[in-house]
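Peer 1: So you can see what is in the structure, the chains are spelled out below.
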Amino acid sequence: MKQSMFKKYGLHAILFPVAILWIGPLIWILVTSVKTRVEVFDSNSGLLPQNFIWDNYPAAMSVAPFGTYMMNSFMVTGGILICQIVTISLAAYAFARIKFPFKNVIFSLFLLQIMFPIYAIFLTNFITVRELGLMNSLPAMIVPFVASGYGTFMLRQAFMQVPSELSDAAKLDGCGHFSTLWHVYLPLVRPTLIAFAIISVVTHWNDYMWPLLVTNSESVRTLPIGLGLLAKSDSGADWTRLMAATVIVISPLLLLFVIFQRRFVDSFMHAGLK
Amino acid sequence: MKSTKTNISRRHFLQTSAGAITAAGMLGTTPLFASGTDVVKLQFMYPVGVSGDINRIVTGMINNFNSSHEKIQVEPIYAGSYDNTEQKVMTSLGVGEPPATWLPINSALQTFLGMDALADVTSLAKADDIYQDFLPGFLSICESEEKLYGLPFQCSTPVLYYNKDLFAKAGINKAPDNWTELLETAKALTIRNGSDVSQWGVTFGGGWHDWIFESFVRQNALVPWQKDKVMFDAPEAIDALEFWVKMVKEGVMPSASTWQGSANDFMAGRTAMLYHSTGSLTNLRKSSPFEVGVAFMPKNKTYGATIGGGPILMAKNQPDAHLNASWTFARWMTNTQNQTHWCKETGYIAARKSSWEGEDLKTFVNEVPAAKVALDQAAYAGAFLQVPGYHKVREYLKSALDRTLAGEIDPTSALKDATKQSNREIERLMRRRS
Numbered sequence: 000m001k002q003s004m005f006k007k008y009g010l011h012a013i014l015f016p017v018a019i020l021w022i023g024p025l026i027w028i029l030v031t032s033v034k035t036r037v038e039v040f041d042s043n044s045g046l047l048p049q050n051f052i053w054d055n056y057p058a059a060m061s062v063a064p065f066g067t068y069m070m071n072s073f074m075v076t077g078g079i080l081i082c083q084i085v086t087i088s089l090a091a092y093a094f095a096r097i098k099f100p101f102k103n104v105i106f107s108l109f110l111l112q113i114m115f116p117i118y119a120i121f122l123t124n125f126i127t128v129r130e131l132g133l134m135n136s137l138p139a140m141i142v143p144f145v146a147s148g149y150g151t152f153m154l155r156q157a158f159m160q161v162p163s164e165l166s167d168a169a170k171l172d173g174c175g176h177f178s179t180l181w182h183v184y185l186p187l188v189r190p191t192l193i194a195f196a197i198i199s200v201v202t203h204w205n206d207y208m209w210p211l212l213v214t215n216s217e218s219v220r221t222l223p224i225g226l227g228l229l230a231k232s233d234s235g236a237d238w239t240r241l242m243a244a245t246v247i248v249i250s251p252l253l254l255l256f257v258i259f260q261r262r263f264v265d266s267f268m269h270a271g272l273k
Numbered sequence: 000m001k002s003t004k005t006n007i008s009r010r011h012f013l014q015t016s017a018g019a020i021t022a023a024g025m026l027g028t029t030p031l032f033a034s035g036t037d038v039v040k041l042q043f044m045y046p047v048g049v050s051g052d053i054n055r056i057v058t059g060m061i062n063n064f065n066s067s068h069e070k071i072q073v074e075p076i077y078a079g080s081y082d083n084t085e086q087k088v089m090t091s092l093g094v095g096e097p098p099a100t101w102l103p104i105n106s107a108l109q110t111f112l113g114m115d116a117l118a119d120v121t122s123l124a125k126a127d128d129i130y131q132d133f134l135p136g137f138l139s140i141c142e143s144e145e146k147l148y149g150l151p152f153q154c155s156t157p158v159l160y161y162n163k164d165l166f167a168k169a170g171i172n173k174a175p176d177n178w179t180e181l182l183e184t185a186k187a188l189t190i191r192n193g194s195d196v197s198q199w200g201v202t203f204g205g206g207w208h209d210w211i212f213e214s215f216v217r218q219n220a221l222v223p224w225q226k227d228k229v230m231f232d233a234p235e236a237i238d239a240l241e242f243w244v245k246m247v248k249e250g251v252m253p254s255a256s257t258w259q260g261s262a263n264d265f266m267a268g269r270t271a272m273l274y275h276s277t278g279s280l281t282n283l284r285k286s287s288p289f290e291v292g293v294a295f296m297p298k299n300k301t302y303g304a305t306i307g308g309g310p311i312l313m314a315k316n317q318p319d320a321h322l323n324a325s326w327t328f329a330r331w332m333t334n335t336q337n338q339t340h341w342c343k344e345t346g347y348i349a350a351r352k353s354s355w356e357g358e359d360l361k362t363f364v365n366e367v368p369a370a371k372v373a374l375d376q377a378a379y380a381g382a383f384l385q386v387p388g389y390h391k392v393r394e395y396l397k398s399a400l401d402r403t404l405a406g407e408i409d410p411t412s413a414l415k416d417a418t419k420q421s422n423r424e425i426e427r428l429m430r431r432r433s
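Which chain is which? The protein sequence lines are A and B, in order.
Residues in the first sequence are numbered from 0 upward in steps of one, following numbering that gives the first Met the number 0.
Residues in the second sequence are numbered from 0 upward in steps of one, following numbering that gives the first Met the number 0.
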């Protein structure tokens, strides 16, 4: 009894300060977003706002069409994720389970792609997108990222862990490559898929430079560009409005995480138990 | 039988629709042929140098332009920071489709000239009032070898901001006017608790401290660059850096800061004086819980300032009709009325004399006397580091300044190194160009 009490509360005692570390900045963002500009840096006015000022939200929203930007962000991030899941599971399956000539050479090329910083291939990607006639459109932000060397690598490693007896059994039951992939491999590597999805979504949700480069019109731009309007300047950031806009930008991701939290955590637990 | 019928009807459909498309096409083009000209479409890529409302102000101005010019349509394209804008323009230049007009930082002039990207607008300007009405220092930021390549649009310089409350508390009633006074004032305003400094005398906005440093060199009556070399190792420059080192050694100035952080420190009262851009005036005034004073940067041999911000440049690689339209647009954005509007809304310094003579800015100066300080100091201002490869040169210089202030190296050898590295880089680029 005593031990379980300690287990119950002792763990909380350790985890609570850690949680504060994570939640602290979020609370700070929220608090700053309802302050006046003068309060932000005035050490006499204390940590909490004297009056809650909601004006920063409409003021931030008026800087750019954030509604459109958010729709675009959803479509771009979602589009990239769906394409990536398809391409990387097919490629990873081939690398993990099929024998074909020059397999290792091709796989090394995939790995090489991970090493290239994205900035190094901006110009070539730019030319490709332009040749495809996609400039200044949503697909321009999706197409360069439909394949992922990193995702292929991650998933290939996960597929290799799956015992070959399972796929052999599937073969006996009359499964071809596609149904084996669908019925056997993908369900077993769900934790890896989810881990990859989180990385991919966060990366592309926050991407700034590439969307800025290939889009011109407000109708196809994404949220980070809207944030850039408030932050990237030589006069110093407009903190109150920037924080209000930040709340708007991060809330969809936070909301998604809260909704799917159990599933995320579950899948990581499974990964640990295996 | 059935299939033939479908074929016929499909052919019939194709014919009809082809006819319809031709008709629509003719309808669409007829009015244009009738008027004899086409609508010229231009792109304008611009950075946001002052946070928040610039985007709205620029698009508002461009909407006005478009509705008052039937034959020209300008598409405003926000392109991030100055660096982002340059990257976006260069990428477009790389694939041979530059925007018609864009707004870079003025240091990039030689870089774009090196790419043979800029239209020479000298004759257009001579036929106009450009050379008479623009402030000469500002016009000089778009000039190379007596030729004009653009019109100055958003100009800024560093100025000295000071916290009037802290000055009053220390019993000081005026801003320092020369380097000696700067050091003394900073000493009087520095407050320390033991070894910790709770209030610095002065802070130079980091990240752009090379820009501020050039102002100090100019205050020693030297412009430390020409279009094909830099002279950071000249005695005037070494003397300026020695003065900086002295300020750090006296403990009145932090040896490093950031652009954003230094402005925050000033607003929070952690530094009594701040060297920052005129572009920050509105933000500092509105966000500080005390009265903000603005003064000339203190002089040494002379007053001196470096111009930041940039001109509207026009692409060389475009048809004459487009170039003329680009000129019309750049000319309109920098006309008297628009420069007045721009100056009042943003804090950038209007580039036209006629704007400052107008009633609007006279009233504005009465309300915000600080704006006048920026204008008066502009008489001593010139372009900032217009050399090829200025990005790298800036990094060499900044690293020399940082290492010196951190006490790793003495001013003379640091600046000699930076000069050698910079000139090697410039020569490399010049060789590649020819």
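A hint or two may mislead.
[As the list claims (entries may be wrong)] Result set (EDC-like, lysine to aspartate or glutamate): computed pairs, CA atoms no more than 20 Å apart in a straight line:
{"#": "1", "chain 1": "B", "residue 1": "K163", "chain 2": "B", "residue 2": "D264"}
{"#": "2", "chain 1": "B", "residue 1": "K168", "chain 2": "A", "residue 2": "D41"}
{"#": "3", "chain 1": "B", "residue 1": "K285", "chain 2": "A", "residue 2": "E217"}
{"#": "4", "chain 1": "B", "residue 1": "K163", "chain 2": "A", "residue 2": "E130"}
{"#": "5", "chain 1": "B", "residue 1": "K352", "chain 2": "B", "residue 2": "D319"}
{"#": "6", "chain 1": "B", "residue 1": "K298", "chain 2": "B", "residue 2": "E241"}
{"#": "7", "chain 1": "B", "residue 1": "K391", "chain 2": "B", "residue 2": "D359"}
{"#": "8", "chain 1": "B", "residue 1": "K285", "chain 2": "B", "residue 2": "D164"}
{"#": "9", "chain 1": "B", "residue 1": "K343", "chain 2": "B", "residue 2": "D359"}
{"#": "10", "chain 1": "B", "residue 1": "K226", "chain 2": "B", "residue 2": "E241"}
{"#": "11", "chain 1": "B", "residue 1": "K168", "chain 2": "B", "residue 2": "E145"}
{"#": "12", "chain 1": "B", "residue 1": "K173", "chain 2": "B", "residue 2": "D359"}
{"#": "13", "chain 1": "B", "residue 1": "K125", "chain 2": "B", "residue 2": "E96"}
{"#": "14", "chain 1": "B", "residue 1": "K285", "chain 2": "A", "residue 2": "E130"}
{"#": "15", "chain 1": "B", "residue 1": "K40", "chain 2": "A", "residue 2": "E217"}
Because the hints were derived from the structure by calculation, they are not lab data.
Peer 1: Now tell me if each hint is right for this structure.
Peer 2: Going through the hints against the structure:
1. K163(B) to D264(B): holds (15 Å)
2. K168(B) to D41(A): Answer holds: K168(B) to D41(A) is near 17 Å, not above 20 Å.
3. K285(B) to E217(A): This hinted pair is violated, its Cα atoms lying about 29 Å apart.
4. K163(B) to E130(A): violated (58 Å)
5. K352(B) to D319(B): Violated. K352(B) to D319(B) sits at ~30 Å, over the 20 Å cutoff.
6. K298(B) to E241(B): holds (15 Å)
7. K391(B) to D359(B): Measuring from Cα to Cα gives roughly 41 Å; hence the hint is violated.
8. K285(B) to D164(B): holds (16 Å)
9. K343(B) to D359(B): Holds, at about 9 Å.
10. K226(B) to E241(B): Violated, at roughly 26 Å.
11. K168(B) to E145(B): The hint is violated at about 51 Å.
12. K173(B) to D359(B): violated (29 Å)
13. K125(B) to E96(B): Violated, because 28 Å separates the two Cα atoms, which is more than 20 Å.
14. K285(B) to E130(A): With a Cα-Cα distance of about 48 Å, the restraint between K285(B) and E130(A) is violated, given a limit of 20 Å.
15. K40(B) to E217(A): holds (17 Å)
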